[in-house]
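Use these hints to put chain B onto chain A, whose structure you have.
Protein sequences, first through last, are from chains A and B. Under UniProt numbering, the first residue of the first sequence is numbered 1, with each subsequent residue one higher. Under UniProt numbering, the first residue of the second sequence is numbered 1, with each subsequent residue one higher.
Since the hints were derived computationally from the structure, they do not count as laboratory data. Quick caveat: nothing in here was measured; it's all calculated off a predicted structure. Keep in mind that the hints are not guaranteed to be accurate.
Simulated pairs of lysine-lysine, PhoX-like, Cα-Cα distance not exceeding 25 Å [what the hints assert, rightly or not]:
| # | chain 1 | residue 1 | chain 2 | residue 2 |
| --- | --- | --- | --- | --- |
| 1 | B | 11 | B | 60 |
| 2 | A | 11 | A | 41 |
| 3 | B | 41 | A | 60 |
| 4 | A | 20 | B | 60 |
| 5 | B | 20 | B | 41 |
| 6 | B | 60 | B | 41 |
| 7 | B | 20 | A | 41 |
| 8 | B | 41 | B | 11 |
| 9 | A | 20 | B | 41 |
| 10 | B | 60 | A | 41 |
| 11 | A | 11 | A | 60 |
| 12 | B | 20 | A | 20 |
| 13 | A | 41 | A | 60 |
| 14 | A | 41 | A | 20 |
| 15 | A | 11 | B | 41 |
| 16 | B | 60 | A | 60 |
| 17 | B | 20 | A | 60 |
Protein chains: 2
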Amino acid sequence: MPRIIVDVMPKPEILDPQGKAIVGALPRLGFDAFSSVRQGKRFELTVDGEVTEAILAQAKEAAATLLSNPVIEDVVNVEVQD
Amino acid sequence: MPRIIVDVMPKPEILDPQGKAIVGALPRLGFDAFSSVRQGKRFELTVDGEVTEAILAQAKEAAATLLSNPVIEDVVNVEVQD
Numbered sequence: 001m002p003r004i005i006v007d008v009m010p011k012p013e014i015l016d017p018q019g020k021a022i023v024g025a026l027p028r029l030g031f032d033a034f035s036s037v038r039q040g041k042r043f044e045l046t047v048d049g050e051v052t053e054a055i056l057a058q059a060k061e062a063a064a065t066l067l068s069n070p071v072i073e074d075v076v077n078v079e080v081q082d
Numbered sequence: 001m002p003r004i005i006v007d008v009m010p011k012p013e014i015l016d017p018q019g020k021a022i023v024g025a026l027p028r029l030g031f032d033a034f035s036s037v038r039q040g041k042r043f044e045l046t047v048d049g050e051v052t053e054a055i056l057a058q059a060k061e062a063a064a065t066l067l068s069n070p071v072i073e074d075v076v077n078v079e080v081q082d
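Just chain A, same shape as in the assembly (with noise of 0.2 Å):
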């Protein structure tokens, strides 16, 4: 069955503490490569049957009221998974 796939970020002016801690981790771990990390979510929508043009619209308006806090979040991507 297709999915939608909701990326939802902090804003880049928003101050996110769990990134923080994993870059300050990351190196203590032996990863030296990395400069700054960011943690976002992830939402998987599962769609019965075809998704249509409605349906996109309708996980579109869902990620920017419901999946994400448009105060301190981007949703960053919306895109179909088959």
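Showing chain B alone in chain A's frame:
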């Protein structure tokens, strides 16, 4: 600067209470097209300079060890985004 995107999702057999809460809330808000929802995590790792094979390998190892809990989560995607 290039970024490496890491997507982590709960394993299919693991209960996902956040996803369940969302799939319950969607129809109350008029979004009736979705039969299930899973919530996972998305990480953006910023790399200074070029993403070499070695750096991508580091990202994959970090994804499997620090960014995900292999008991309950799968790393579903590691990709370079320019």
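Right, here's what the structure says about each hint:
1. B:11 x B:60: holds, 18 Å
2. A:11 x A:41: holds, 12 Å
3. B:41 x A:60: holds, 18 Å
4. A:20 x B:60: holds, 19 Å
5. B:20 x B:41: holds, 16 Å
6. B:60 x B:41: Holds, at roughly 15 Å.
7. B:20 x A:41: Measuring from Cα to Cα gives roughly 15 Å; hence the hint holds.
8. B:41 x B:11: Measuring from Cα to Cα gives roughly 12 Å; hence the hint holds.
9. A:20 x B:41: holds, 15 Å
10. B:60 x A:41: holds, 18 Å
11. A:11 x A:60: holds, 18 Å
12. B:20 x A:20: Measuring from Cα to Cα gives roughly 29 Å; hence the hint is violated.
13. A:41 x A:60: holds, 15 Å
14. A:41 x A:20: Holds: residue 41 of chain A and residue 20 of chain A sit about 16 Å apart, inside 25 Å.
15. A:11 x B:41: Holds - the C-alpha atoms of residue 41 of chain B and residue 11 of chain A are around 16 Å apart, at most 25 Å.
16. B:60 x A:60: Since the Cα atoms of residue 60 of chain B and residue 60 of chain A sit roughly 30 Å apart, the hinted pair is violated (cutoff 25 Å).
17. B:20 x A:60: holds, 19 Å
Hints 12 and 16, counting from the list given before, are not met by this structure.
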